[in-house]
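The listed protein sequences derive, respectively, from chains A and B.
FYI, numbering that gives the first Met the number 0 numbers position 70 of the first sequence as 69, with every residue one higher than the one before it.
FYI, numbering that gives the first Met the number 0 numbers position 148 of the second sequence as 147, with every residue one higher than the one before it.
If you are wondering where the hints come from, they were derived from the structure by calculation, not from laboratory data.
Watch out, some of these pointers could steer you wrong.
[To be verified] Residues on chain B that point at chain A, a partial pick, calculated with CB under 8 Å:
{"no.": "1", "residue": "E10"}
{"no.": "2", "residue": "I198"}
{"no.": "3", "residue": "V202"}
{"no.": "4", "residue": "L205"}
{"no.": "5", "residue": "A211"}
[What the hints assert, rightly or not] Only pairs whose alpha carbons sit at most 25 Å apart, straight line, appear in this in silico SDA-like list of lysine to any residue:
{"no.": "6", "chain 1": "B", "residue 1": "K296", "chain 2": "A", "residue 2": "V83"}
{"no.": "7", "chain 1": "B", "residue 1": "K296", "chain 2": "A", "residue 2": "L93"}
{"no.": "8", "chain 1": "A", "residue 1": "K63", "chain 2": "B", "residue 2": "A197"}
{"no.": "9", "chain 1": "A", "residue 1": "K63", "chain 2": "B", "residue 2": "P65"}
{"no.": "10", "chain 1": "A", "residue 1": "K63", "chain 2": "B", "residue 2": "Y215"}
{"no.": "11", "chain 1": "B", "residue 1": "K296", "chain 2": "A", "residue 2": "G158"}
{"no.": "12", "chain 1": "B", "residue 1": "K296", "chain 2": "A", "residue 2": "T25"}
{"no.": "13", "chain 1": "B", "residue 1": "K296", "chain 2": "A", "residue 2": "R91"}
{"no.": "14", "chain 1": "A", "residue 1": "K63", "chain 2": "B", "residue 2": "R292"}
{"no.": "15", "chain 1": "B", "residue 1": "K296", "chain 2": "A", "residue 2": "R96"}
{"no.": "16", "chain 1": "A", "residue 1": "K63", "chain 2": "B", "residue 2": "L297"}
{"no.": "17", "chain 1": "B", "residue 1": "K296", "chain 2": "A", "residue 2": "P71"}
{"no.": "18", "chain 1": "A", "residue 1": "K63", "chain 2": "B", "residue 2": "R142"}
{"no.": "19", "chain 1": "B", "residue 1": "K296", "chain 2": "A", "residue 2": "I131"}
{"no.": "20", "chain 1": "A", "residue 1": "K63", "chain 2": "A", "residue 2": "T25"}
{"no.": "21", "chain 1": "B", "residue 1": "K296", "chain 2": "A", "residue 2": "G74"}
{"no.": "22", "chain 1": "B", "residue 1": "K296", "chain 2": "A", "residue 2": "P223"}
{"no.": "23", "chain 1": "B", "residue 1": "K296", "chain 2": "A", "residue 2": "R106"}
{"no.": "24", "chain 1": "A", "residue 1": "K63", "chain 2": "B", "residue 2": "A272"}
{"no.": "25", "chain 1": "A", "residue 1": "K63", "chain 2": "B", "residue 2": "A48"}
{"no.": "26", "chain 1": "B", "residue 1": "K296", "chain 2": "A", "residue 2": "A218"}
{"no.": "27", "chain 1": "B", "residue 1": "K296", "chain 2": "A", "residue 2": "Q85"}
{"no.": "28", "chain 1": "A", "residue 1": "K63", "chain 2": "B", "residue 2": "V91"}
{"no.": "29", "chain 1": "A", "residue 1": "K63", "chain 2": "B", "residue 2": "I198"}
{"no.": "30", "chain 1": "B", "residue 1": "K296", "chain 2": "A", "residue 2": "R136"}
{"no.": "31", "chain 1": "B", "residue 1": "K296", "chain 2": "A", "residue 2": "R219"}
{"no.": "32", "chain 1": "B", "residue 1": "K296", "chain 2": "A", "residue 2": "G29"}
{"no.": "33", "chain 1": "B", "residue 1": "K296", "chain 2": "A", "residue 2": "R192"}
{"no.": "34", "chain 1": "A", "residue 1": "K63", "chain 2": "B", "residue 2": "V202"}
{"no.": "35", "chain 1": "B", "residue 1": "K296", "chain 2": "A", "residue 2": "S133"}
{"no.": "36", "chain 1": "B", "residue 1": "K296", "chain 2": "A", "residue 2": "S59"}
{"no.": "37", "chain 1": "A", "residue 1": "K63", "chain 2": "B", "residue 2": "E204"}
[Claimed, not checked] Okay, the calculated beta carbon distance ranges per label pair:
{"no.": "38", "chain 1": "A", "residue 1": "D128", "chain 2": "B", "residue 2": "V237", "range": "36 to 42 Å"}
{"no.": "39", "chain 1": "A", "residue 1": "R219", "chain 2": "B", "residue 2": "E204", "range": "28 to 34 Å"}
{"no.": "40", "chain 1": "B", "residue 1": "A183", "chain 2": "A", "residue 2": "R198", "range": "57 to 63 Å"}
None of these values were measured; they are calculated from a predicted model.
Think of the CB as a built atom: it goes at the ideal place given N, C-alpha and C, for glycine as much as any other residue.
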Amino acid sequence: MVETAWRPIPTFANRGRFLIRLEEVTLRYGEGPPVLRRVSCHLEPGSFHYLLGASGAGKSSLLKLLYLAQTPSQGRLSLFGRDVAQLTRRDRALLRRRIGVVFQDFRLIAHLSAFENVALPLRIAGEPDARIRSQVRELMDWVGLREALDALPPTLSGGQQQRVAIARAVIGRPSLLLADEPTGNVDDRIAMRLLYLFRELNRTGTTVMLATHNESLAARMPQPCLRLAEGQVREEPTEVAPPAAETVGG
Amino acid sequence: MRIGFLFSRGEVPLTRDVSARFLPWLIAFMVYLAGLALLAAVAMDRMAARWQGDLEGRLTVQVPPPSDPGDETARQERLDRVVQVLLDTAAVSQVEVLSRAQTATLLEPWLGEAAAAPELPVPDLVAVTLRSATAALEDLPERLATAVPGAAIDDHQRWLARLFALAGSIEALALLVVALVGIAAVATVIFVTRTGLAIHRQVIELLHVMGARDLYVAEQFQAHALRLGLAGGIGGAVAAAVTVLGISWLLRGEQSVVLPGVAFGWAQWSMLAILPLVTGLVAMLTARWTVLRTLAKLP
């Protein structure tokens, strides 16, 4: 990855307060059984957490709550010190701009170039074109995709698409970065590089929550964990120990 | 309202939607129908106005023929009595006795050449022009009936009333057609917009997650709908204009009693020219309303 001057702006606006706070939060889809049951936890600004759990444990559902794609069926969710249930529609949109999301399936818009995909959050925020151009170019340099600015996503490799998705997630300098299985579609070597990238972002002040079922990978860069099982969260402040039977490719 | 959205490239690839490709054609067809309805309304309005103008301040006195239709002396004597009564009336400014030939010409469309047969008991007609459209006739009907039993006045009001009722009905029908066309256009735009929302749900949800406000998405749909509405509206209006000009050309010089003139005046051409703008705006506002209403259901 090419080193450049681009760095996320440290975000310490909420220092001393919980960035994320869930109180007895339950989530169910329609009339179905609860996916999350009376979940309570909190994250401090600037923290880095893995969200661990088997497939179907509810990791994606918890992330959806955090990036405001779902609302709790019960309980209270606070982000950046604000109860999301009390937010106006406009405030919710503004709050979402402070959250970067990396999806497992990237969700790049196929008919837009890599440049346009990365520029999206800035366009939505109404940034001027000149600023968008310079920031996107700088960030694309940083993730090593300077040559792929005009490429359409389907023409990029999985790893390149993943980096475009990450660039898009961080271009708006979010206070909170949520990543849903970001290493799920790349090999372990690239996965480790992505973890280092997330850690670098975290060191500049961005709060990171990274959902993965790959505990062995997480163990190679130990961080506090939230473990989801049977719809409930257990906090594991200690580092993850690598399972004895698993090995991580390089 | 900002208009920058009209020129910006959207993230939602609406131009690729198959359903949207038919929208301009549908709108063009609807605008064409609305144009034809307008044409019908104008034609009826013209016809009613022309008849009203022609008959205002005029009467026709019908003088029944003598018992022997061939007795010209008796016929002339009866006509003279009627004319004298009319000339003695203050409200009457002009009296014209229609000749047998003129009466036969009037009846020819219904009776053919037989209308000129002298043995046919056709009443004589006296065209009367009044000093004003509202002149009081006082006891003229009674005096005419005294002079020539059976002589009667036709002030054309009954006929005109029927004509106005017909014209009013056709104009109302035309308005109804325009309203139905408008409703159909709105329903079509709603359908196309909802289809677009369903097709591009993933992109829209992505924009939503990134913090796009509902208006940001709605602007993309409304700009697309405006372009389609304008394109369809212009196509339909041009087709309607060609039809109007064609019919006007076919009826050129035709001053038939029955067929009205359909040539548009500046008011009608203005209405036809405004139709594409109206359809474009209606399509735009409908798309905007549909998108905002749908997105309001997202968290």
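For each hint, the structure was consulted:
{"no.": "1", "hint": "E10", "in the structure": "holds, 6 Å"}
{"no.": "2", "hint": "I198", "in the structure": "violated, 13 Å"}
{"no.": "3", "hint": "V202", "in the structure": "holds, 6 Å"}
{"no.": "4", "hint": "L205", "in the structure": "holds, 5 Å"}
{"no.": "5", "hint": "A211", "in the structure": "holds, 5 Å"}
{"no.": "6", "hint": "K296/B x V83/A", "in the structure": "holds, 16 Å"}
{"no.": "7", "hint": "K296/B x L93/A", "in the structure": "holds, 18 Å"}
{"no.": "8", "hint": "K63/A x A197/B", "in the structure": "holds, 20 Å"}
{"no.": "9", "hint": "K63/A x P65/B", "in the structure": "violated, 101 Å"}
{"no.": "10", "hint": "K63/A x Y215/B", "in the structure": "holds, 21 Å"}
{"no.": "11", "hint": "K296/B x G158/A", "in the structure": "violated, 35 Å"}
{"no.": "12", "hint": "K296/B x T25/A", "in the structure": "holds, 20 Å"}
{"no.": "13", "hint": "K296/B x R91/A", "in the structure": "holds, 14 Å"}
{"no.": "14", "hint": "K63/A x R292/B", "in the structure": "holds, 22 Å"}
{"no.": "15", "hint": "K296/B x R96/A", "in the structure": "holds, 20 Å"}
{"no.": "16", "hint": "K63/A x L297/B", "in the structure": "holds, 13 Å"}
{"no.": "17", "hint": "K296/B x P71/A", "in the structure": "holds, 15 Å"}
{"no.": "18", "hint": "K63/A x R142/B", "in the structure": "violated, 96 Å"}
{"no.": "19", "hint": "K296/B x I131/A", "in the structure": "violated, 31 Å"}
{"no.": "20", "hint": "K63/A x T25/A", "in the structure": "holds, 13 Å"}
{"no.": "21", "hint": "K296/B x G74/A", "in the structure": "holds, 20 Å"}
{"no.": "22", "hint": "K296/B x P223/A", "in the structure": "violated, 36 Å"}
{"no.": "23", "hint": "K296/B x R106/A", "in the structure": "holds, 22 Å"}
{"no.": "24", "hint": "K63/A x A272/B", "in the structure": "violated, 50 Å"}
{"no.": "25", "hint": "K63/A x A48/B", "in the structure": "violated, 69 Å"}
{"no.": "26", "hint": "K296/B x A218/A", "in the structure": "violated, 41 Å"}
{"no.": "27", "hint": "K296/B x Q85/A", "in the structure": "holds, 17 Å"}
{"no.": "28", "hint": "K63/A x V91/B", "in the structure": "violated, 91 Å"}
{"no.": "29", "hint": "K63/A x I198/B", "in the structure": "holds, 22 Å"}
{"no.": "30", "hint": "K296/B x R136/A", "in the structure": "violated, 36 Å"}
{"no.": "31", "hint": "K296/B x R219/A", "in the structure": "violated, 42 Å"}
{"no.": "32", "hint": "K296/B x G29/A", "in the structure": "holds, 14 Å"}
{"no.": "33", "hint": "K296/B x R192/A", "in the structure": "violated, 39 Å"}
{"no.": "34", "hint": "K63/A x V202/B", "in the structure": "holds, 16 Å"}
{"no.": "35", "hint": "K296/B x S133/A", "in the structure": "violated, 36 Å"}
{"no.": "36", "hint": "K296/B x S59/A", "in the structure": "holds, 21 Å"}
{"no.": "37", "hint": "K63/A x E204/B", "in the structure": "holds, 12 Å"}
{"no.": "38", "hint": "D128/A x V237/B: 36 to 42 Å", "in the structure": "holds, 37 Å"}
{"no.": "39", "hint": "R219/A x E204/B: 28 to 34 Å", "in the structure": "holds, 33 Å"}
{"no.": "40", "hint": "A183/B x R198/A: 57 to 63 Å", "in the structure": "holds, 59 Å"}
Checked against the numbered hints given earlier, this structure breaks hints 2, 9, 11, 18, 19, 22, 24, 25, 26, 28, 30, 31, 33 and 35; the rest are met.
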